[in-house]
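A.B. asks: Since the structure of chain X is provided, determine the placement of chain C on it from the hints.
Residue numbers (UniProt numbering), protein chains in the order written: chain X, 1 to 167; chain C, 1 to 199.
There's no promise every hint is true.
[To be verified] Computed list of lysine to any residue pairs in SDA-like fashion (alpha-carbon distance at most 25 Å, straight line):
| # | chain 1 | residue 1 | chain 2 | residue 2 |
| --- | --- | --- | --- | --- |
| 1 | X | K16 | C | G43 |
| 2 | X | K16 | C | V106 |
| 3 | X | K16 | C | E148 |
| 4 | C | K33 | X | N137 |
| 5 | X | K154 | C | Y183 |
| 6 | C | K196 | X | G18 |
| 7 | X | K154 | C | C190 |
| 8 | C | K33 | X | C19 |
| 9 | X | K16 | C | M32 |
| 10 | C | K196 | X | Q96 |
| 11 | X | K35 | C | H158 |
| 12 | C | K199 | X | C111 |
| 13 | X | K154 | C | G170 |
| 14 | X | K16 | C | K128 |
| 15 | X | K154 | C | E148 |
| 16 | C | K33 | X | E29 |
| 17 | C | K199 | X | K35 |
| 18 | C | K49 | X | D39 |
| 19 | C | K196 | X | S149 |
| 20 | C | K196 | X | I99 |
| 21 | C | K49 | X | E29 |
| 22 | C | K196 | X | P127 |
| 23 | C | K196 | X | A33 |
| 24 | C | K199 | X | E133 |
| 25 | C | K33 | X | L142 |
| 26 | X | K16 | C | L161 |
Note that these hints are calculated values from the structure, not bench results.
For clarity, every value in this text was computed on a predicted model and none was experimentally measured.
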Amino acid sequence: MSQFEGGAPTMSGIGKLGCVIVAVDGSDESMDALKWALDNLKLKLREDDSEPGTFVILHVQSLPSIAAGLNPGAIPFGGPSDLEVPAFTAAIEAHQRRISEAVLAHALKICSEKNVNVKTQVVIGDPKEMICEVARNLHGDLLVMGCRSFGPIKRMFLVREFLGSLL
Amino acid sequence: METTCTSETDAADQKRMKQQQQAMVEVEKKQMKVMVAIDESEGSFHALKWVLDHLFFLPSSSSAGEAAEAEPTQNHEQGMLILLHVQQPLVNYFVPAGPGIYAAPVMMESVKKAQEQNSAALLARASKLCKERQVKAEAMIVNGEPKEMICQAAEQIHPTLLVVGSRGLGMIKRAFLGSVSDYCAHHVECPILIVKPPK
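Here chain X stands alone, though its shape is the one from the complex (with noise of 0.2 Å):
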């Protein structure tokens, strides 16, 4: 395009934004997300005192114990001995980490469609507090969530991220 110097005219960050963090999960609402803030965000430009605007893209995978879904104490003969423990728990780790890779692929995918500064992140931990602790850490100006519309009943029963909760 000839007219305008930015590559992309519109979305090329001539906007006040400095860090946007966008919470995934691997679900489709968080990847609709993502895709919203992509084509209705604009970042900062890079300018000589000040530091590009980004595009943070977080995922929290859930401590191993939950993953597991069992607390090894608590099982007298069905559950594993001590020396298998640390085993199941690498494995369980390992297996975390090759789902939280496909997700952020699926998103940096996503991203490499649209010419953005992008940065990857990854915590462990409970979803809704984690990603409040990385939204104050990173100071960021705004934060993205996909949001699956359950009703009050199923969400008073699932345990998931809501903005209720961050509120």
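C.D. replies: Chain C alone, transformed into the frame defined by chain X:
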């Protein structure tokens, strides 16, 4: 030699016009319609200022050279703001001080007038903020329960983004006092932005 030159310039002109048209169409499709819910609280004005500061941009002076051609399209790209104010319905207050004593129509009229003046002042203040940042803004006043009317307005207008302020209530206060931002976050179908109050 000359004839080939003119045909080349013609072709170049046509190509540029086509690119311009394409750019206009793209810009129209991407025009952001942001709806901001305003009330008397400072939280909602903080939300409006945040939106104006972070989601809309001023054409910067450094790009003035290229902006000469690009300005008309840049103004288009700004998108527009819809300022939504929900007036709460007036309740007939019954004063049980004796038979037949109730809020006189005259009193109701003056209360209504006061409310309208209040809304007009709010929206004037909000539009002034938008004008300072050179952002197109439209005002919309509806009557009813705030949380329901905000969701209804969002359903009618389909904004790119709905913005609400937040009072920053804790969990318990929120449960007792109710929260418009919570309700909207769960019931509205368009993307919603909740702007937290400054610390």
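A.B. asks: Would the pair C:K196 and X:G18 pass a check requiring their Cα atoms to be no farther apart than 25 Å?
C.D. replies: Holds: C:K196 and X:G18 sit about 17 Å apart, inside 25 Å.
A.B. asks: Hint check: C:K33 vs X:L142, CA-CA at most 25 Å. Holds or violated?
C.D. replies: 18 Å, holds
A.B. asks: Given the hinted pair X:K154 and C:C190, is their Cα-Cα distance within 25 Å?
C.D. replies: Status holds; Cα separation ~21 Å.
A.B. asks: With the threshold set at 25 Å, check whether the alpha-carbon distance from X:K154 to C:Y183 stays at or below it.
C.D. replies: 16 Å, holds
A.B. asks: C:K49 and X:E29: Cα distance at most 25 Å?
C.D. replies: Judged against 25 Å, a Cα distance of about 28 Å means the pair is violated.
A.B. asks: Need the status of pair C:K33, X:N137: alpha-carbon distance at most 25 Å?
C.D. replies: With Cα atoms ~31 Å apart, C:K33 and X:N137 exceed 25 Å; violated.
A.B. asks: With a cut-off of 25 Å on the C-alpha distance, tell me whether C:K49 and X:D39 pass.
C.D. replies: Holds. C:K49 to X:D39 sits at ~22 Å (cutoff 25 Å).
A.B. asks: Are the Cα atoms of X:K16 and C:L161 separated by 25 Å or less?
C.D. replies: Answer holds: X:K16 to C:L161 is near 17 Å, not above 25 Å.
A.B. asks: Does the alpha-carbon distance linking X:K16 and C:G43 stay inside the 25 Å limit?
C.D. replies: 20 Å, holds
A.B. asks: Would the hint linking X:K35 and C:H158 be met if the CA-CA limit is 25 Å?
C.D. replies: 18 Å, holds
A.B. asks: Verify the proposed pairing of X:K16 with C:K128, using a straight-line Cα cut of 25 Å.
C.D. replies: The given pair, whose Cα atoms are some 21 Å apart, holds under the 25 Å limit.
A.B. asks: Given the hinted pair C:K196 and X:S149, is their alpha-carbon gap at most 25 Å?
C.D. replies: 22 Å, holds
Of the numbered hints stated above, those contradicted by the structure are hints 2, 3, 4, 10, 12, 17, 20 and 21, listed in ascending order.
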